[in-house]
Amino acid sequence: MALFRPYRGWIALLVILTLVANSLNLLVPRLIAAAIDSIGLPGQSLQGTIVTFAAIAAGIFVLTYLQSIVQTYTSERVARDLRDQLVAKIAQQDFAYVQTTSPGKLLTNLTSDVDAIKSFVSQAIASIVSSAFLIVGASALLVLLNWRLALLVLAVVPVIAATFYYVLARVRRLFRKAQEAIDWLNKVINESILGSSLIRLLNAQAFEYDKFTAANEEAMTIGMQILKLFAALIPAITFCTNLATLGIVAFGGHLVMTGAMTLGDFTAFNSYLAILIFPIIVIGFMSNVVAQATASYDRIVKVLDAAEPTGVGRRVTDLSGALTVDHLSVRYGQRTIIDDVSFTARAGTRTAVIGPTAAGKTQLLYALTGLIEPDEGVVRYDGVALSEFDKQSLHRQIGLVFQDSVTFNLSLRENIAFSSDVDDATLEKAVNAAELDDFVATLPQGLDTIISERGTSLSGGQKQRVMLARALALNPVVLLLDDFTARVDLRTERQILANVRESYPGITLISVTQKIAPVEDYDQIILLMEGKVIAIGTHKELLAKSPEYVQIYASQQSTEDYELQA
Amino acid sequence: MNYKLNTREADTIKEPIWVALARLVPLMRGEGGKVAIAFAAILMTSGLALAAPLIISHIIDSFITTKNYPGLFSWSGLLLALFLVGLVSSYVQTRTMGGVGRRILFNLRHAVFTKLQDLPVAFFNENRAGDLISRINNDTDKLNQFFAQALLQFLGNVFLIVGAGVLLLVLNVRLGAVALVPAALVLVITQLVAGWVKRASFKSLQTLGSMSGEIQESLANFKVIVAFNRLDYFRDKFRTANAANYAASIRAGIAGNIFIPLYALAAALGQLAVLAYGIGLVSTGQISIGLLIGFLFYVLNFYTPLRQLATIWASLQLALAGLDRISEVLALTSNLVTLPAEPATAAGPLLAFENVSFHYPGGRSVLRAVNFTLERGKTYALVGPTGGGKTTTASLMARLYDPAEGRITLDGRDIRTLTPEARAARIGFILQEPFLFTGTVRDNISYGDRAIAALSDAALTARLDAAGLSALLSRFDQGLDTPVSSAGDSMSLGQKQLIAFIRAALRQPDLLVLDEATANIDTVTEQLLGTILAQLPKTTTKVIIAHRLNTIDTADEIFFVNATSVTPAGSMQNAVKMLMDGMVTS
Chain A
0 MALFRPYRGW IALLVILTLV ANSLNLLVPR LIAAAIDSIG LPGQSLQGTI
50 VTFAAIAAGI FVLTYLQSIV QTYTSERVAR DLRDQLVAKI AQQDFAYVQT
100 TSPGKLLTNL TSDVDAIKSF VSQAIASIVS SAFLIVGASA LLVLLNWRLA
150 LLVLAVVPVI AATFYYVLAR VRRLFRKAQE AIDWLNKVIN ESILGSSLIR
200 LLNAQAFEYD KFTAANEEAM TIGMQILKLF AALIPAITFC TNLATLGIVA
250 FGGHLVMTGA MTLGDFTAFN SYLAILIFPI IVIGFMSNVV AQATASYDRI
300 VKVLDAAEPT GVGRRVTDLS GALTVDHLSV RYGQRTIIDD VSFTARAGTR
350 TAVIGPTAAG KTQLLYALTG LIEPDEGVVR YDGVALSEFD KQSLHRQIGL
400 VFQDSVTFNL SLRENIAFSS DVDDATLEKA VNAAELDDFV ATLPQGLDTI
450 ISERGTSLSG GQKQRVMLAR ALALNPVVLL LDDFTARVDL RTERQILANV
500 RESYPGITLI SVTQKIAPVE DYDQIILLME GKVIAIGTHK ELLAKSPEYV
550 QIYASQQSTE DYELQA
Chain B
0 MNYKLNTREA DTIKEPIWVA LARLVPLMRG EGGKVAIAFA AILMTSGLAL
50 AAPLIISHII DSFITTKNYP GLFSWSGLLL ALFLVGLVSS YVQTRTMGGV
100 GRRILFNLRH AVFTKLQDLP VAFFNENRAG DLISRINNDT DKLNQFFAQA
150 LLQFLGNVFL IVGAGVLLLV LNVRLGAVAL VPAALVLVIT QLVAGWVKRA
200 SFKSLQTLGS MSGEIQESLA NFKVIVAFNR LDYFRDKFRT ANAANYAASI
250 RAGIAGNIFI PLYALAAALG QLAVLAYGIG LVSTGQISIG LLIGFLFYVL
300 NFYTPLRQLA TIWASLQLAL AGLDRISEVL ALTSNLVTLP AEPATAAGPL
350 LAFENVSFHY PGGRSVLRAV NFTLERGKTY ALVGPTGGGK TTTASLMARL
400 YDPAEGRITL DGRDIRTLTP EARAARIGFI LQEPFLFTGT VRDNISYGDR
450 AIAALSDAAL TARLDAAGLS ALLSRFDQGL DTPVSSAGDS MSLGQKQLIA
500 FIRAALRQPD LLVLDEATAN IDTVTEQLLG TILAQLPKTT TKVIIAHRLN
550 TIDTADEIFF VNATSVTPAG SMQNAVKMLM DGMVTS
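Protein chains in written order, with numbering that gives the first Met the number 0: chain A, 0 to 565; chain B, 0 to 585.
Same shape as in the complex, but just chain B:
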């Protein structure tokens, strides 16, 4: 499966807006009743809003011009009753439709997050984390704004516009048509300038993006900027980006701001047309003066929501573009499916590579028809030059990826037949780049294991003591309660590696993979880690990747990984020789 997400921008969406809107329908599942009530309420509210001018024009014609007081008061009473019903229905409308919007947003976020958790590591490697984060945060934020505010306005306005438009034509076709001419003109103009406006605002968003990127990169790496005298360079580059953004934003503003005056002009022209033509009709007796006044109301009823629609149109389009981008993520499926269970055998080796070939999407071959086995209770080392394939080989053991060809077995059983839960329980892996979650050291040690998370402090300390891990906790100011932040320099690389080590060792997996897990830890602490590893149950198989040779000198067997093959190096001397000969350095 190709996990590379499309990086095209929002403005290239070609599909008509109705197709994009249809995407919202499945998200409303189970909301049928609520949606029906909301629609009924919207109809009622808009209907009442449209009925009022009719009643007022009737009052003018039938009672005011004839000085009929009882009629004036009884019909005013009717108007009051309508307004009261409108009060209730517009409350119901906002409440139910808003609720539906909120729940759609909740479901959407939920679906996206569940999907993210379901996708394999390959997905995260194919797409830069920064891009993914901004895609998901920004797009859900745009949808948030849309569902929380614009959706309601959008629906209400559409009803009002259609209703007022129909009424204008029904009341008097010719006068109605005259009233709508400016609207038609304005829509044509909108169509004509839409491309210009879109390009200008896209350009402005783009320059804004590169300016923020510039700032973010420089601020995050400020120490390098300072130490290498790049402050002037930083300032100049920023100034260029800032100036570009300024120019683009002004252009976008000039383009985008045309709409509101334009729609206001259309409304005024609509009124003017009705007045000019209508007065003629009144004087020739074709329509009543009350109807003319009613018509003027309807013109406003038609143009005011149209203007509002024009202002929320942009947010609607942004939301739909966001939905489109999120749908792209939702459409992906994991390629790491669990195959039907196979019988296992505890007799053979713990883990075996059988004719395994692997390459990254679109990349060159990393492993070609590789065979080797790992016996229970033994320690293995993987050595080889940078970029030779050590981490890839280890990642395949933990099924972060599946081989392109061949298979990997655990207890003689294809690793793909294990449930993720079973696999995680049996295979421990300490990653080259340690990652910590915001919380405490304790949270990070117990992370992902409910049994450990549920332990009392005393019980956890006892477990750590038994595993010999307590000594490592003294490297943290407040022991288990030391606060941890996922971002920033609050901890040294070595400390992060220690936490990752404790987390993995505490679980006592059958296979423990250490991928340069101690590269930034001093050698005395590292010896302590060696002792702790030795205390693991006799059956634990260990795989160690390291550049420092003393880290791997306890290995029972050494594999040399380079140039698509994994070869047993025999002795340590031989492994060192292979390294020093620099078979193929990266």
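Here chain A stands alone, though its shape is the one from the complex:
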């Protein structure tokens, strides 16, 4: 485990503290035995024993506490550094990596997997070392006290160990099943919360109830199976220990009577037995922690060792905004999402992309910003392939307004001035262009109002305008809009588009949209269907040459009168 190398010193200290503390522990029964044996002997002073005992007790206290502090310190450090490494690594990956690995999995890597490693450091290392030490030490001391009685007592150890490992192997499988059952149960609960409105509208509570009961019963059944094993395990171990006690009483009693052993040693045997049994159980449980940590370690290493995006570009230039898409194809597994798409947009022109649901419009925009890597073809800005650009410099000049509204649990200002270098004037211009100024004026704390994580305090239209303002605040050369006005009312939409033209002249605009009317005067309209370009041209040209376009146009015609009046 190369990960632990930087913490070698701390781990060594931990082991040393553990060993010393446990050695002191092993001395206690001998002290008690000596004290008992001293009874009745003339001239024996107890004082020395008491002082030693007290010193040892204090020593154990200090050492165990020190050990646990070192343990905490080391494990928290390991966890913190691992998390930092993971995040630094993830921050170097591209969007495609996070999407294919799934954000949920990465979250698990950063939380439960790191926690498993942390438990390993904080519990397993010290426990295993001290348990092994205690088993060996106690056994050795027993043999030294009286080897015949020792052999009798130690005979139960393998029995306990075997029982324990047999049960644990079976329980571990059940634990996995139990976790799956709990995950399932939680999923049912989560969906019933997220879909609560729908469930009430459809009066589908009984459906949810059935799903839930099935999951809940499964969880209970597995729980009962685990219980059955444990219910047998613990009494069995106790019984084995008791048999050893019985052996000490009967055979040890005999030895005391024959004078082969003192009464004090007899007592010490009982104490060492108690010291001996507990570590066996601890090692058993720790084997679970080790197994979990190993699995988590493998998962973490996989993230840390994942290949980073290849051919990171270095070019940092100011774009003019000219865009060329050359035979672009994107596939998700078997499915072709974008199929051999080519077009050109000169700097400062406006291009609209229209097409049916699931035509690949969003993916096209993602490819234009480098969020997804095309399987074939090239996207060029000013004649230079996208991959040659420094991503940061590119993203500073290309603004993308996502279709779904993503707000962060930050102030409105931070949500909009999302890139680090946005001054107040730029921010204000973006807020005004997105028609957010009236709304901001109604907020008690204005731009410093905190937006909750899921954006619940904003209406659908307001969220979309925040997204637009965020892109405009970049002062972008190229602006990509993904169906951004779907939830904004007509008047506002017109106003916003006019604002953008006026405040951001010379911007290259690529707009994915459902509505033809607002884009009729655009320089070109691209009709996309099932990932293919069906037609490219101005509104007039498309009306003349593309029956599909005419069909879409016709589908919107009935309202054209009102649009014109407006």
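Derived from the structure by calculation, the hints contain no laboratory data. Note that the Cβ used here is the ideal one computed from N, Cα and C, for glycine as well. Check each hint, because a few of them may be wrong.
Each pair of labels, with its calculated beta carbon distance range [stated by the list, open to error]:
(1) A:Ala154 <-> B:Leu186: 35 to 41 Å
(2) B:Pro536 <-> A:Pro308: 54 to 60 Å
(3) B:Val87 <-> A:Gly8: 50 to 56 Å
(4) B:Gly76 <-> A:Arg298: 19 to 25 Å
(5) A:Ala259 <-> B:Ala80: 23 to 29 Å
(6) A:Gly445 <-> B:Pro360: 23 to 29 Å
(7) B:Pro360 <-> A:Thr309: 51 to 57 Å
(8) B:Ala246 <-> A:Asp389: 33 to 39 Å
(9) B:Asn137 <-> A:Ala57: 38 to 44 Å
(10) A:Asp389 <-> B:Arg238: 21 to 27 Å
(11) A:Asn408 <-> B:Ala246: 47 to 53 Å
(12) B:Asn1 <-> A:Thr335: 51 to 57 Å
Once you've looked at the hints, dock chain B against the given chain A.
What follows is chain B alone, placed relative to chain A:
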């Protein structure tokens, strides 16, 4: 009813632990016999465990020191018999008590889920979904750990501690008292540092929560982070949160780790005290040497469970705090009760708003004394600026909420008198934010309707064909069998809206409400949806909310919803004019 759940944290619980424990009693209903057996078994096990040292000390005093072999062997036999009984009773104890714990957990989960299903939409709006989910998952998980493991240990240990403590005092009051002094000291220290420990661990949990929140938010929205060059910002913010968590966790560790060494110290001091004082007593002949050895056993019997109790105390407190938070949910009741049935009349309008006023809890008025009617078989459109109250008006029609004043009638009958089943059958509603359950397209279409769920593939396809819905299925790779996940981007917004549309249209309700149900669907598909809507029975009343005007141009009547009122707009031209004048934009 106020549905806002208390957001105070676990550590502010003031009530004594016994009051919190009493909350468990009602959950044990019907388990009386089992609990009695378990308690008997626990008593037996603890009793036997405590009897063994007494017997051993008797063996030492009466037989070993006097070299009495027959006595040694017969009493050893007795010891073996006790151990065998103990084997059985501890098995019974674990088995029955564990079973009771599992069943309590089952009942508790069941009660929580049933309650969740019973509560109205208002409850889910008042509380953020993320909070609710984490509350229910985490709290039941803590209870799970407690009932599955800690409860048993807890009860067994309490019996052992009490038993050993009593025996110590009974055997010899003075020696017993000496043995218990360190325990008293340690309990006082525990009381003194408890506040420090609690604050430190609460702080560490808090920093952990905000760190996970940071990660979750950033990972879920990674595309925005990448597209807006926020990676550095993300890394820095995370680093700050990580460092804060590190510092808090170390402080919590330093505080929380004091207990185990402390209890070990107490045990050692207990033994030391017994030894120092006891040897004196033995030498003056006040107690036997066997009793002294027995005493040393009891000291361990007393302190070992005490130490274990100290380690499970935290999990007990967490479980009780969880129980407390869950009880808060369980105590809520639905405010959407079904009133006694009223006679209905098919003569008047299908649906009517009568002087309806509405506001969200603590919010400003959304509707004030609104009146309008919806006739059978007609199509209505609701237009108005964002935030004007369109969705609220529609939600009231489906009784997602009840009006604050006035009433809504269906067939002349107060909508509150309909059973939820009848209401759901008559009113279809396509929500603005489509939600899909994990499963297939088919599962989602048939969701909530057992009759449809029971249809064979052929029968379902026939139903879809008849309703003209089959054409929409071609938008999905594998038709009805296309897998669906509730989370993630596996489907576009438009596709989700299509599924919601099919689900609602297939049921042919009397009133169908479409709340921006096609906002992300292309206009050609939308025309197809229009055709499908036209094929619904002539008596179906439709209410459409949309920003795109072509979506609503088939409406028989248009209502303009804004500034607490719902006004008939007359013609489409007028509606557009009202919109364009931007009466009051949000």
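Okay, the hints, checked on the actual structure:
Under the hint 35 to 41 Å, the C-beta atoms of alanine 154 (chain A) and leucine 186 (chain B), about 40 Å apart, fit the expected range. Against the hinted window of 54 to 60 Å, the Cβ-Cβ separation of proline 536 (chain B) and proline 308 (chain A) comes to about 56 Å, which satisfies the hint. The hint said 50 to 56 Å for the Cβ distance between valine 87 (chain B) and glycine 8 (chain A), and at roughly 51 Å that hint holds. Checked against the given bound of 19 to 25 Å, the beta carbons of glycine 76 (chain B) and arginine 298 (chain A), roughly 56 Å apart, lie outside it.
At about 27 Å, the beta-carbon gap between alanine 259 (chain A) and alanine 80 (chain B) stays in the expected band of 23 to 29 Å. Remark: the range hint 23 to 29 Å for glycine 445 (chain A) to proline 360 (chain B) is upheld by a beta-carbon distance near 25 Å. For proline 360 (chain B) and threonine 309 (chain A), the Cβ-Cβ distance of about 54 Å falls inside the hinted range of 51 to 57 Å, so the restraint holds. The beta-carbon spacing between alanine 246 (chain B) and aspartate 389 (chain A), approximately 36 Å, falls within the hinted interval of 33 to 39 Å.
Under the hint 38 to 44 Å, the C-beta atoms of asparagine 137 (chain B) and alanine 57 (chain A), about 40 Å apart, fit the expected range. For the pair aspartate 389 (chain A) and arginine 238 (chain B), the supplied restraint of 21 to 27 Å holds, since their beta-carbon distance comes to about 23 Å. Taking the beta carbon of each, asparagine 408 (chain A) and alanine 246 (chain B) are about 22 Å apart, not inside 47 to 53 Å as hinted. Between asparagine 1 (chain B) and threonine 335 (chain A) the C-beta distance comes to about 53 Å, which sits within the given range of 51 to 57 Å.
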